[in-house]
Amino acid sequence: EDKVVQSPLSLVVHEGDTVTLNCSYEVTNFRSLLWYKQEKKAPTFLFMLTSSGIEKKSGRLSSILDKKELFSILNITATQTGDSAVYLCAALSTGYALNFGKGTSLLVTP
Amino acid sequence: NAGVTQTPKFQVLKTGQSMTLQCAQDMNHNSMYWYRQDPGMGLRLIYYSASEGTTDKGEVPNGYNVSRLNKREFSLRLESAAPSQTSVYFCASSDSGGYYEQYFGPGTRLTVT
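Residue numbers (this note's numbering), protein chains in the order written: chain B, 1 to 110; chain Y, 1001 to 1113.
Chain B extracted, bound-state conformation (with noise of 0.2 angstroms):
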């Protein structure tokens, strides 16, 4: 059965640290990595990794992808209030479904 699992379930960390957020997955046939970020309302794209070892980057977040290890990360550096939200891990497979995790929840302090 394939599956996508998420660490932690739940975060809160004070302005300006840095949070690693973690996904691990066991997919058939897998095609790619997903996260997304949602705040309260619907999810909205990050990044999509399909290669090992290449990091993505967009500002203060970054992510990689294991394909030996089966796994993903999401790093966010100089945290702010405003990336408090859920961070969705899927991973794509053939047939188009995306396998989601149950998602990380992230509360920023300031």
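A hint or two may mislead.
In silico DSS-like cross-links for lysine-lysine, where the CA-CA straight-line distance does not exceed 25 angstroms [what the hints assert, rightly or not]:
{"id": "1", "chain 1": "B", "residue 1": "K56", "chain 2": "B", "residue 2": "K102"}
{"id": "2", "chain 1": "B", "residue 1": "K37", "chain 2": "B", "residue 2": "K57"}
{"id": "3", "chain 1": "Y", "residue 1": "K1009", "chain 2": "B", "residue 2": "K102"}
{"id": "4", "chain 1": "B", "residue 1": "K57", "chain 2": "B", "residue 2": "K68"}
{"id": "5", "chain 1": "Y", "residue 1": "K1009", "chain 2": "B", "residue 2": "K37"}
{"id": "6", "chain 1": "B", "residue 1": "K67", "chain 2": "B", "residue 2": "K57"}
{"id": "7", "chain 1": "B", "residue 1": "K67", "chain 2": "Y", "residue 2": "K1071"}
{"id": "8", "chain 1": "Y", "residue 1": "K1071", "chain 2": "B", "residue 2": "K3"}
{"id": "9", "chain 1": "Y", "residue 1": "K1071", "chain 2": "Y", "residue 2": "K1014"}
{"id": "10", "chain 1": "B", "residue 1": "K56", "chain 2": "B", "residue 2": "K37"}
{"id": "11", "chain 1": "B", "residue 1": "K102", "chain 2": "B", "residue 2": "K40"}
{"id": "12", "chain 1": "Y", "residue 1": "K1057", "chain 2": "B", "residue 2": "K102"}
{"id": "13", "chain 1": "B", "residue 1": "K68", "chain 2": "B", "residue 2": "K56"}
{"id": "14", "chain 1": "B", "residue 1": "K102", "chain 2": "B", "residue 2": "K37"}
{"id": "15", "chain 1": "B", "residue 1": "K67", "chain 2": "B", "residue 2": "K56"}
{"id": "16", "chain 1": "Y", "residue 1": "K1057", "chain 2": "Y", "residue 2": "K1071"}
{"id": "17", "chain 1": "B", "residue 1": "K41", "chain 2": "B", "residue 2": "K102"}
{"id": "18", "chain 1": "Y", "residue 1": "K1009", "chain 2": "B", "residue 2": "K40"}
Don't read these hints as lab results, they were simulated from the structure.
Remember, predicted model here, so these are calculated numbers, not experimental data.
Position chain Y relative to chain B; hints supplied.
Same frame as chain B, but now just chain Y:
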């Protein structure tokens, strides 16, 4: 571009009633999807349409039907609503081929009493 739009935004149904959730996208995407999101369960795929004229079941299809009306529109129908179908429903679309991100609509919050 409006992206992915959904109607209605909120709906309350009584058990046994039927309704159709509408979704449209203006990004010329081939593939469209319906998900439900429940607390502690993450997003789960109900049905998807890889291209116009095709539909396939996802992880949780029971109690739902879909129609891919044309390339732009993909509707989700609840024939006889049950309290277990209380959820937030998201429609999404993507280019086809399995290597493209999915773009989500704003969601429909459905309550079945």
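How the hints compare with the structure:
Proposed proximity of K56(B) and K102(B) is supported: the alpha carbons are some 22 angstroms apart, at most 25 angstroms. Between K37(B) and K57(B), the direct Cα distance comes to roughly 15 angstroms. Compliance with the 25 angstroms bound is thereby established for this hinted pair. For the suggested pair K1009(Y) and K102(B), the alpha carbons sit about 23 angstroms apart, so the restraint of at most 25 angstroms is met. Proximity of K57(B) to K68(B) is assessed by CA-CA distance (about 21 angstroms); at most 25 angstroms being required, the pair is judged to hold.
Among the hinted pairs, K1009(Y) with K37(B) is consistent with the structure: their alpha-carbon atoms are about 20 angstroms apart, no more than 25 angstroms. For the proposed pair K67(B) and K57(B), the alpha carbon gap of about 18 angstroms is at most 25 angstroms, so the pair holds. Distance hint between K67(B) and K1071(Y) is unfulfilled; the C-alpha atoms sit about 34 angstroms from each other, more than 25 angstroms. Between K1071(Y) and K3(B), the direct Cα distance comes to roughly 31 angstroms. Violation of the 25 angstroms bound is thereby established for this hinted pair.
At most 25 angstroms may separate the alpha-carbon atoms for a hinted pair to count; K1071(Y) and K1014(Y) exceed this at roughly 32 angstroms. Distance restraint check for K56(B) and K37(B): the Cα-Cα separation of roughly 15 angstroms lies within the 25 angstroms cut-off, and the hinted pair is therefore satisfied. Our distance criterion of 25 angstroms between C-alpha atoms is met by K102(B) and K40(B), whose separation comes to about 15 angstroms. For the given pair, K1057(Y) sits about 21 angstroms from K102(B) by alpha-carbon distance, which is consistent with the 25 angstroms threshold.
Proposed proximity of K68(B) and K56(B) is supported: the alpha carbons are some 18 angstroms apart, at most 25 angstroms. Straight-line distance between C-alpha atoms of K102(B) and K37(B) comes to about 12 angstroms, which keeps the hinted pair within the 25 angstroms bound. Among the hinted pairs, K67(B) with K56(B) is consistent with the structure: their alpha-carbon atoms are about 15 angstroms apart, no more than 25 angstroms. A distance of roughly 18 angstroms separates the Cα atoms of K1057(Y) and K1071(Y); the hinted pair therefore holds under the 25 angstroms criterion.
Between K41(B) and K102(B) the alpha-carbon distance is near 16 angstroms, which keeps this suggested pair within the 25 angstroms criterion. At most 25 angstroms may separate the alpha-carbon atoms for a hinted pair to count; K1009(Y) and K40(B) meet this at roughly 13 angstroms.
The structure fails to meet hints 7, 8 and 9 from the earlier list, while all remaining hints are met.
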